[in-house]
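**Q** Spelled out, the chains give:
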Amino acid sequence: MLEIAGLEAGYGALKVLRGISLAVPKGKVVALLGSNGAGKTTAMKAIMGVVERFAGSIRLDGQQIEKLPPHAIVARGLALVPQGRELFPEMTVVENLELGGLVRGLAGAELATDMEAVFKRFPRLDERRTSRAGSLSGGEQQMLATGRALMSRPSVLLLDEPTTGLAPIIVQELVRIIRALNQGGQTILLVEQNVRMALSVADYVYVIRGGSIVMESEAAKLDGADAMFKAYLG
Amino acid sequence: MEIPLLLTASGLANGALYALVALGLVLVYKTQDVVQFGHGEVLMIGAFIGYSLLNYLGLPYPAAMLAAVLACGIMGFVLERIAFRPIAYHHHITLAMVTVGLSFALKGIARIPFGADIYTFPRLFPDTPTIVWGKLIVTPQHLVTIGVALALTIGLFVFFRSTTMGKQMRATQQNLTGASIIGINTGLIFSGTWALACAIGAVAGVLAAPDALLYPDMGARFLLKGFAAAVLGGFESVPGAIVGGLLIGLIDNFAGFYIDTAFQEISAYCIIILVLFVWPYGLFGRRPTHRV
Ligand SMILES: Nc1ncnc2c1ncn2[C@@H]1O[C@H](COP(=O)(O)OP(=O)(O)OP(=O)(O)O)[C@@H](O)[C@H]1O
Ligand SMILES: [Mg+2]
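Quick note, the sequences are listed as chains X and S, same order.
With our numbering, the residue at position 179 of the first sequence is 179, and numbering never jumps.
With our numbering, the residue at position 194 of the second sequence is 428, and numbering never jumps.
Bound-form chain X, shown alone:
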């Protein structure tokens, strides 16, 4: 369970998030939607501690984490699959995954078991174990970034635009994987441009605009054609 209240964050003098509040209940998929520049990535990075937080509280499974540095936040169970993927390009698929597990102190047999689980989930990665991450296709890189995040056994997984820029067939594959993850109990906060896709996997939806949450609703009650909803998404 991730609870955010009154979060303000930004870059130096620039305040991008103007006090957002949202909750990601255990076992649910929550989507954060918004147009380009609305502040979605800033929100994800502020939660991870990579972007400076000015005010507000962030609680993960009851613990305050808004003052902690990123490595301490990851250690408490958050993992981000960032928008730019941010892989280690000169390292192999296996090494990238391994690094995801090392920060949680995984080693030896445990590390190997988790890695095999990732390869089972992403058969495409299994075929490319010893390839350099930098040589993978966009879809494979997205899968590797997701696998690397899973290696830290996160209690909440943050996905920043996992499908943007990928071929429809890869998008479908990723959607299947996200659903399967959630069915396995994984709590997920999902940022998406693809509204239809987001509505099809999310339980609850928030809409962010100009750094503020302007709308929230259960996904099932939202009509993708709703005039106000569309206006907010710009």
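Everything labelled a hint here was simulated from the structure, so no lab data went into it.
Backbone N, C-alpha and C define an ideal beta-carbon position, used for all residues, glycine too.
No false leads were slipped in.
Lysine-lysine pairs mimicking DSBU-like chemistry, simulated, CA-CA at most 30 Å apart:
hint	chain 1	residue 1	chain 2	residue 2
1	X	Lys67	X	Lys26
2	X	Lys28	X	Lys120
3	X	Lys26	X	Lys120
4	S	Lys401	X	Lys120
5	X	Lys26	X	Lys221
6	S	Lys401	X	Lys67
Under 10 Å between C-beta atoms, here's a sample of chain S residues computed to sit facing chain X:
hint	residue
7	Gly412
8	Ile418
9	Thr420
Given the coordinates of chain X, assemble chain S with the ligands onto it according to the supplied hints.
**A** Chain S with the ligands in isolation, oriented as in the chain X frame:
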């Protein structure tokens, strides 16, 4: 026939030193995108610490050298944390200026107890008799230098490939944002990298001092040669630094003998200029696809 062999042996020994200097420069550059212009002074400080432990505390030679290396490692760790980290995200020029300042500061500190005098640094083994293999003649000091540099290179290779810290250092070099997002303590990696770079610098210092003599300004020459070696190797490559160092050592020796000894003084400048103009990514450098 003997002269080229002689030149090769001492060229490799000098080259091994330059390779170690280049290695320290490259490690810091890969991690924090800055050239550590104070690195030559790290060699000097390491050598002076070794000298003091040997002469004033009377430690056995290997113990004194090891302690000097450790001390420089700790110095690197602390320097990064207090002098560098607070400004780590400032402009590159600011960072470079700080390292230049570091160079002056370290020289100043060394002059307080040691003045401007030149000291002779003892050798582990006396320089005579030289070791003769057929036509190859080497001094024991050169052999020690080559051996230690080789062992250190192998050790570093294992460290970067198989230890958690080593892997996290490589990851941080490749993608700083990615490293912090997956929970690597990047601050610790920064300090750790400086510790490693300074420890390697101290190894070079105590190996160089018996032949180069010991004085507060001794670092400048090594910085220059190490810099040339790093440029030749592409500045982002650990193997490049090593090959670059050995080549600089060889070029120096051969050019010094066959062209003019004066060339030894300026060869490094020539190589730096030549590489930057003709071959800007060096021998091992990768043409940047993009730099984030
Ligand atoms: N590193 C930065 N420094 C300064 N301003 C930034 C930085 N990153 C983002 N911004 C600004 O913050 C605002 C929000 O950007 P953000 O990346 O969070 O948007 P987003 O909702 O993720 O957009 P997109 O859908 O394009 O990914 C924008 O106005 C952007 O210009
Ligand atoms: Mg974004």
